[in-house]
Amino acid sequence: MGMMKYRTVEKDSFFTRLDFRPKLLMIVIVSVVAFLWESPLLGAALGVFLIVACLLAGLKVSYIRMLLLIMLPFYVLLLVAHGIFDEELVLNYLGQERLHYMFRFPGGGELFGAAGMSWEGFWYGVNIIFKTLSLTLVIPLGIFTTDVDRMIVGMVKSRIPYKITFIFSSTLRFFPLLFEEIGAIIQAQRLRGLAVEDMNAIQKVKVYAKVAIPLILSAMVKSQQLEVVLQSKAFSGSPDRTYLHSSDLTRTDYLLGGIFLFLFALVLALYFLYGVGKYSVPFIAWEA
Amino acid sequence: MADVIAVLDKVSYKYPRSPGLVLRNISLEIYKGEFLGIIGPTGAGKSTLCLTLNGIVPQFYGGDFYGSVHVSGLDTVENPISKLACCVGSVFEDPETQLIATSVENEIAFPLENLKVPVDEIRRRIPRVLEMVRLSGYEKKSPAELSGGQKQRLAIAAGLAVQPSLLVLDEPTSQLDPVGAQEVFAVVRELNRQFGMTIVMCSHAAEEMAEHADRLALLAGGRLLALGTPDEIYPQVQLLEENQVRPPQVCSVFYSLRQKRLPVQNIPVRLEEGKQTLRSVLQGGRLLPPPAFPAPPAPHGTPLFSVKNLRHVYPDGTQALHGISLDIRKGEYVLIIGQNGAGKSTLVKHFLSILRPTEGSVMIDGVDTQQLKVSQLARRIGYVAQNPDNQIFNETVEKEVSFALTALGHSPQVVAERTLASLQAMGLEEVKDRHPLSLPKGERARVVIAAILAMQPEIIIFDEPTTGQDYRGARYILDISRQLHQMGKTVIVITHHLYLMPEYAQRVIVMGKGTILLDAPIRAAYHDTQTLESTFLTPPQAVLLAKELERLDGRAYPLLTPAELAGCFERQNGHLG
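Chains as they are written, first to last, in the numbering used here: chain U, 1 to 288; chain P, 1001 to 1577.
For reference, chain P alone in the conformation it holds in the complex (with noise of 0.2 Å):
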């Protein structure tokens, strides 16, 4: 039996304000150098879990606590937190506020210098935490100068510089791009696994979390619902799926399989896995011919947006877009991909003529952006920016909704019809009289919505709409994408999250470095596996999984979805399953 290192007894915990229990009679011991994942919807408990092993939760909080939490032997109600904050590093969400100095090195030194660390001392671990985080050669620099994932390891330095028996980290990639993501995957799998550090790590990541955690705890309606490995946990697809988490998709797959009684002895969650299963399957199954796909309609009739040799050069430099030429015409459902700096952001404001070509134009419906004021596009194109709480700035979720009906010069009559009918459509008729930023992220997001589809624009971007969101919540919004493509609007999507695109988007622009690596419909463009990866993207387990298939079978399968992959095999006649 492995060392204990934290023990939660029976813990139930209620915040001052909450209407009832966030953790509902908890148990669980975590092992030195073991690597817990917690997993679990939006609202389980996952966070506030995290912060009982710190003491944040519940002497900064108050609350009504029950049971009892010690790491490394100390209780974490009857010792102080900065006295927990030797024992437990804490690295948190958002990478902005959770650095607070001006210098990588001053970040680090600075819970020391709390701890009245020798100043001697603090000099010598300071290269020493910095060269396990990669980031030797920061420390003079502005934590602001750093990317989304060196700021994540910065903070996982400033964490390990207090020599903590455990490492918590809460959510650190959900406002990562892939690469940013893999880069702290990475650092806290070889501190982990070369250091020996015990790490607790909450994260809606299920491919990375069955790849690299040792055990997984299942959280909903703060119970905890089940626990054991990745291989033990995630083929439980069903009880996931009852709890609004997504297992990794290899599980998906195989999962469907069993259903229908194919050869699945074990149920793979490692892709890896997954391709050794898949053999056993074709030994054991029947396949199908590869499915026949209808091409999606083409694009006819005069483009809506005409960008022609595009260049942008920001003041300080830097070339974002390097002579860009595409069409996008009415009525499509175009996703644009690609890594952070890859300059697909700056492709879409000059839509909306918020950034100005330095080269080339922009044109809508054959007449130039620049000829255009941001107002006057905003009446075509509505844009759905990734962090809703910078969208919203009235006092009620129904004058939100009508700002921009009025701002338009709109009468009464028709502000008052066309904000009651996007509030009906996004649910929101019960709370319109409330604070937007009173309610959850989900519904937040969706109040923006409703203001922008009050404006009936015939154009919608959503930039990054499901970064931040559980699976359920990325999923709802998507869903209303398909809505208003369905009812003849044109949409653009831009985001990392691969995985949840099959189902929406028709066609897929791939950038990279500033230029257009691949502009091809969706399952064209996410079986070209190697453009992907040189922008740092990683096609869907599906995906990998259809290649492998190809290359087992000899014949294309373009599939892009789980389900579409469980539908190419058949039991054999006469096989039992």
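Chain U on its own, in the form it takes in the complex (with noise of 0.2 Å):
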């Protein structure tokens, strides 16, 4: 029922009211900090003044909520790998010769592999946790408070070639058919008595890599009939075309551009000279 589409928040806010231009340097700037702090405290923080703004541009908590529990088992993964089993890595990095246990396995942990679970290992998976969850977060806080027209042109203001942009914009176009796509062929395969409901993860996922195959192939006939359209509409991505809307850069776009300049030279002064934002442990409650 109903097709799945790009939709832009519907709240009319600060953000929806600025140009793609300035949001697509945030993007880029809280990409590049995410990726350089290594810090829990700062990369939590980080992860939830994120929150906040994707909140108050107006995303849904319910998407925030989906979001978060769909990277859950990922984020107890990252726990579970490096408190457990990343012992010289992080030993290595914080230059220490003993790790502080939260807990041990029983027998030494000859069973396991591992002695048990580091605090500095926690606390590195920690900042992992965090580094993904804010690049999660800016995309949409960028993309979904823009509408689709002044993204494209934006883009193509921002230099970036017409080909990337349209290929982008007919991303947005046809992602949700892709979706669809997956959704019959899921279904399809229970009327054919696959059982889906009472599989495994492990099953389930042979499942889906079962609909990778119809899907290319699907993707690469619909990409042909989609080339005979372009061209039958003289689309050359030439980026020498005119452009029915267009994006203007007010005050405040300018204003917020040097802000976060201001703000993304200051976090590399204070790393590179200070060493703010670097990896260190922010407490150790008990050690086994």
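Think of the hints as simulated: they come from the structure by calculation, not from any bench. Be a bit skeptical, because a hint or two may be false.
Derived contacts from chain P toward chain U, CB cut-off under 8 Å, selection only [stated by the list, open to error]:
no., residue
1, S1090
2, P1111
3, P1118
4, S1375
5, N1390
6, M1455
7, Q1456
Values in this document were obtained by computation on a predicted structure and should not be read as measured data. We treat Cβ as the ideally placed atom computed from N, Cα and C, and that holds for glycine.
Need the complex rebuilt from these two chains, each delivered in its own frame; the hints are there to steer you.
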């Protein structure tokens, strides 16, 4: 029922009124900072700041909850991987001789191949979690708060090649179709007796893997149809064309762009000169 | 002599990977302001012919091209496609893949932006073309929010925006419901008659082509077999049937009567002319009493499906079904019809437990379907959906057919036996090692049916099986449904193509706006033209002619097919014909 489609947030806010270019700058800067910072506390602060910004910009709580739920298994995996199995890397990173353990496995870890969960590994996992969370949140914050027409013009004016801009806008149009197709194929499998609901995670992954082949083939057929359609509409990929919509930078856009650049410079200076944002263990509550 | 807008001179063409020529020595002149229909079976070369007009063949596809095509004086090989796009607007079959922008106005602006038309001019043209296709007020909407008919009208508007001298439409209505198809034909006719736009359209919709086209070109095997007005082409019923093209039913009726040497001077091609000719046949021939049609065996036994007060509301608040109740018994062949949004697919999805009732219940053999999983129901119900490509997910035809048997836990021996039997039944043995998606569309549909048959379900549901198929492909699938019914299976078919069904269905359920408008044997249902029209369905021409016969004679003629209608007349003794 009803095809999914790309939709900007319904709420009119400071974010929605901005040009796409300062937002694009924000996406780039936040991504770089998220990669740079290894401090779990600063990473957490950035993540929480982005959640608040998303909510103020009109992104629905349900959307953020869904994002977190999708990412949750990955986050647990990160904590386990870094907390338990990443001893060597964390020791090298901190230059320490030994780790502080939150708990230890019985038998000294022979059974598990690791002694236990270390505080240092745990906090490193927290740092990676917030890096990914920031990257996951900053993109919808920039994209879902911008009207797609202004976004395309903004990208072209930012000198992003028109072909890339076109691919981006086509993805917004065709991604929902792809999801519909995935749904249809899985439904067809269920209608052929495949009890997807009774399967464990690995079996489900196998089912999804099977969907990939028809999906890729269908995407190839569709892309050729699309190419024919584009040819018939005089599309050449050349930026030398007119644009129905326009998007002009206002004083607020310039001001915000300036603030982003200033903050970016500050973050770089503090990081490289004083080590602010480098990895450190915030606290060790107990030791096993 | 009218002005010529396009000339094809001895055109032959072979795609880079096609085994032989797809177009063979075609010479054709297209006149300014005419509506040229292109008819022919699947694989005749109709789409390729359309693509030669905008230069996509051969410039985009490559291959071997012979002869020449000129549109508005431009050679389509020597001029770039972007330049030809100014002269030729194109509309394709699939409404989904030909709309590329994120809003209606952007869709129209897109070709104009590419052609560097100034923004002020683009802004002037958008409301103008939207008005021409009756989509004013939709500027900011996303194409995804439009109905199928609206999407095709938007594609037409985008084609018109470049102010072409020629509009080429390739099967624009084949994937639409009757309302959508009517909308598209109405717009195209208006463009042609009111604005003098030259139209070239490929379509299998014979009745509509007879009504709207000025000339028809019959293509088969890449050759131009016949060219003339619909009044010259459609009466050649034998030629059309030899080439797997369905003529309008009115032609079939009077062609058969002429074969019986009844006084039919000119075979009519349009319904109104058919009604006139019927009068002269009545005067010059002998009308037999209405034939007695034995009533179909009354369904008996406990219901297989029992639907009680079924209501369904989608999460977005759309009320799709309003308290539906019906029973379907074992061994019935049921046809479900109605316009898009009538609730047909929603109803059937409750049979499969894909959807759950908001209120009411659906029972299968006395068990509530809510207590059963989709995979459990799949053992008893086979579902053939509209698009075969979404139901294919294995690397070979054989694996596709055996997939369900393995999933249902059958032994390797049973899997092998049933797979082989199913492949044989569908004539797919020779292609069992090929990738299903490498087969032509008709064969892909057979692969899906073979996969369903291998499960040996008691009930088979065909959801729009004839959409996008030509006459031959549609009949092939329906013949399979009849064989299954004769084997004792319960068959449920959803389709808009009413003219195909009289030889197959026994019972018809007419749905409209989420309710059952009529549930009756097929003869009664097809002759309740008022109810059909209330849900935007047009009864087959043979039925409408039978109604006319009733009006003229005073007796009821519950006829459904051209053959039945022709069978009601005899030559008068001594009449020379």
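Here is what the structure says about each hint:
| no. | hint | in the structure |
| --- | --- | --- |
| 1 | S1090 | holds, 4 Å |
| 2 | P1111 | holds, 4 Å |
| 3 | P1118 | holds, 6 Å |
| 4 | S1375 | holds, 4 Å |
| 5 | N1390 | holds, 4 Å |
| 6 | M1455 | holds, 7 Å |
| 7 | Q1456 | violated, 12 Å |
When the structure is compared with the earlier hints, a violation turns up for hint 7 alone.
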